[in-house]
Amino acid sequence: MGETYRFDVIVIGAGPAGIACAYKLAQAGKKALVIERANRIGGKNLTGGRVYTYALELLEPGLHKAAALERSVVREQVMVLGENSAVTMDYYNPDMADGVPQSYTILRASFDDWLAAYAEKRGVVLVDGIQVEELVEKDGRIVGIKAGNDVVYADAVVAADGVNSLFAERAGLRTAVAAHSVGVGVKEIIAMPAATIESRFNLKPGQGLTRMIIGGTQGVIGGGFLYTNKESVSLGVVLKPESVAANGIHIYDIFQDFKLHPALRPVIGDGESVEYGAHLVSEAGWKGVPNKLYRPGFLVIGDAAGFVINTGLSIRGIDLAILSGIAAAQAIINSESVETVGPLYIKELERLKLTQTMKLFAGWPELTGNPRMSTVYPGMMNDMMHTLFAVDGQVPEKINKAMLKIARQHVSMTDLLADGWKGFRSI
Amino acid sequence: MTVKKETIEHLINLDIIKVDEKKAHIVLDKERCAACSEKPCLLVCPAKAYTLENSQLHFDYAGCLECGTCRVMCKNKGIVSWDYPRGTFGISYRHG
Numbered sequence: 000m001g002e003t004y005r006f007d008v009i010v011i012g013a014g015p016a017g018i019a020c021a022y023k024l025a026q027a028g029k030k031a032l033v034i035e036r037a038n039r040i041g042g043k044n045l046t047g048g049r050v051y052t053y054a055l056e057l058l059e060p061g062l063h064k065a066a067a068l069e070r071s072v073v074r075e076q077v078m079v080l081g082e083n084s085a086v087t088m089d090y091y092n093p094d095m096a097d098g099v100p101q102s103y104t105i106l107r108a109s110f111d112d113w114l115a116a117y118a119e120k121r122g123v124v125l126v127d128g129i130q131v132e133e134l135v136e137k138d139g140r141i142v143g144i145k146a147g148n149d150v151v152y153a154d155a156v157v158a159a160d161g162v163n164s165l166f167a168e169r170a171g172l173r174t175a176v177a178a179h180s181v182g183v184g185v186k187e188i189i190a191m192p193a194a195t196i197e198s199r200f201n202l203k204p205g206q207g208l209t210r211m212i213i214g215g216t217q218g219v220i221g222g223g224f225l226y227t228n229k230e231s232v233s234l235g236v237v238l239k240p241e242s243v244a245a246n247g248i249h250i251y252d253i254f255q256d257f258k259l260h261p262a263l264r265p266v267i268g269d270g271e272s273v274e275y276g277a278h279l280v281s282e283a284g285w286k287g288v289p290n291k292l293y294r295p296g297f298l299v300i301g302d303a304a305g306f307v308i309n310t311g312l313s314i315r316g317i318d319l320a321i322l323s324g325i326a327a328a329q330a331i332i333n334s335e336s337v338e339t340v341g342p343l344y345i346k347e348l349e350r351l352k353l354t355q356t357m358k359l360f361a362g363w364p365e366l367t368g369n370p371r372m373s374t375v376y377p378g379m380m381n382d383m384m385h386t387l388f389a390v391d392g393q394v395p396e397k398i399n400k401a402m403l404k405i406a407r408q409h410v411s412m413t414d415l416l417a418d419g420w421k422g423f424r425s426i
Numbered sequence: 000m001t002v003k004k005e006t007i008e009h010l011i012n013l014d015i016i017k018v019d020e021k022k023a024h025i026v027l028d029k030e031r032c033a034a035c036s037e038k039p040c041l042l043v044c045p046a047k048a049y050t051l052e053n054s055q056l057h058f059d060y061a062g063c064l065e066c067g068t069c070r071v072m073c074k075n076k077g078i079v080s081w082d083y084p085r086g087t088f089g090i091s092y093r094h095g
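So the sequence lines, in the order shown, correspond to chains B and E.
Note that numbering that gives the first Met the number 0 has the first sequence beginning at 0, numbered continuously upward.
Note that numbering that gives the first Met the number 0 has the second sequence beginning at 0, numbered continuously upward.
Honestly, I wouldn't trust all of these hints.
Derived DEER-like restraints, expressed as beta-carbon distance ranges [unchecked claim]:
1) E:H57 with B:D269: 31 to 41 Å
2) E:N12 with B:K229: 22 to 32 Å
3) E:K22 with B:E56: 35 to 45 Å
Calculated from the structure, these hints are not laboratory results.
None of these values were measured; they are calculated from a predicted model.
Here a beta-carbon is modelled for each residue, glycine too, at the ideal position from N, C-alpha and C.
Sequences are here, hints too, so could you generate the full structure?
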């Protein structure tokens, strides 16, 4: 026979969303239980990636100073890959290290584990290595969960089970994630000494770099990323799975070839691959957020709710996860009846400016998902740079004429104008 | 200590995966998979867990990274059941 337990709130999933939610609940004196299927917190989680500290500050002022972070991001780059060449834009600003706005690269195993341990000290009850199997429903309300033979009852169940949220589906709030609304991320952690990272990427000790990479994916829609950690580099790609299938090249091959691009290999080549991972990323922005994020006794937060913004220059998910966790907690704390929790959660998401920010970027997936961004423009840009810098003793063509000629070789004027107009409108 | 094009076996071996010998978390209907002409699973699985053996679709759940790509891409419902591995089983990222 199993046991029966009772908590005020059950949170499914110990990622940043779930932990932030439970943390705020415990702080307000609520009995919060977090259930995680990994046997080590963070063990199932993957990011590029980085965290923006303003979100940690909302959880508790000064919190980021104690957090398990990698490097303080002071160098932001965008790299556009041609076949054998690359164009890189580099923004360096050491002031980004001090105060909000501020971000740090992170690795999820250590970051999530630290955040969870911190929440436990504040009174959150955390169990790991347990898979929630079912939601328990009574009179149209979610009243608890089942795991093995045990049943746990609560006033509210919060689904923080990630991008492929089985529980949001089981609660009837969303259908299975649609292929066109996700990217599949594949990455390697490449270990190298801190001093090597600092000299290679022109960083001081503790400083970090992020790099968004466009092109180099053999015509498959998507892009790449590089983040510097303390003693490793996270290198990966995020690709549209439908585009992978249509192009006929295995995603494994695309990534393995990508990392050996002549512009990337020199910076990672002497490192050592120590981990290989894959994870889905929501790419649909606001349009990927389910119409309904709650039902009586049940809330959906974080990746499970589709809270990710990808502008092509930066990707935000962890900060939005924390915001939504806080919003859910505030809604639960401030509600007097189970019926008011859901509507209040929506209001809290607005109060924390998550909704407005996601709506502002609602048009971006059209831009980042435009096939020509991955297939045509990277090559075109590299050809233009080549023409600008190549000197061979001949009389060069007039620059405006030369540039137009290159553009015409890559794209029709109609497409170019349409993309320019669409791009301008969507941002 | 050189980064190069690695085999998928090498990459998966870098990871800690505790295989649940008693329960497959993803179950296929072999007949439906045989009838599926598209088989996107053969291209999109980062772990290369889907392969063709004697023109029959073979799936090895032991090296699964639990990303869910096969679930969202399966066209003809050959995946009859998709769940995460039971508690404590499956991938355990040391870095993430």
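Against the structure, the hints come out as follows:
At about 37 Å, the beta-carbon gap between H57 (chain E) and D269 (chain B) stays in the expected band of 31 to 41 Å. With their beta carbons about 24 Å apart, N12 (chain E) and K229 (chain B) fall inside the hinted range of 22 to 32 Å. Our hint of 35 to 45 Å for K22 (chain E) and E56 (chain B) holds, since their Cβ atoms are close to 43 Å apart.
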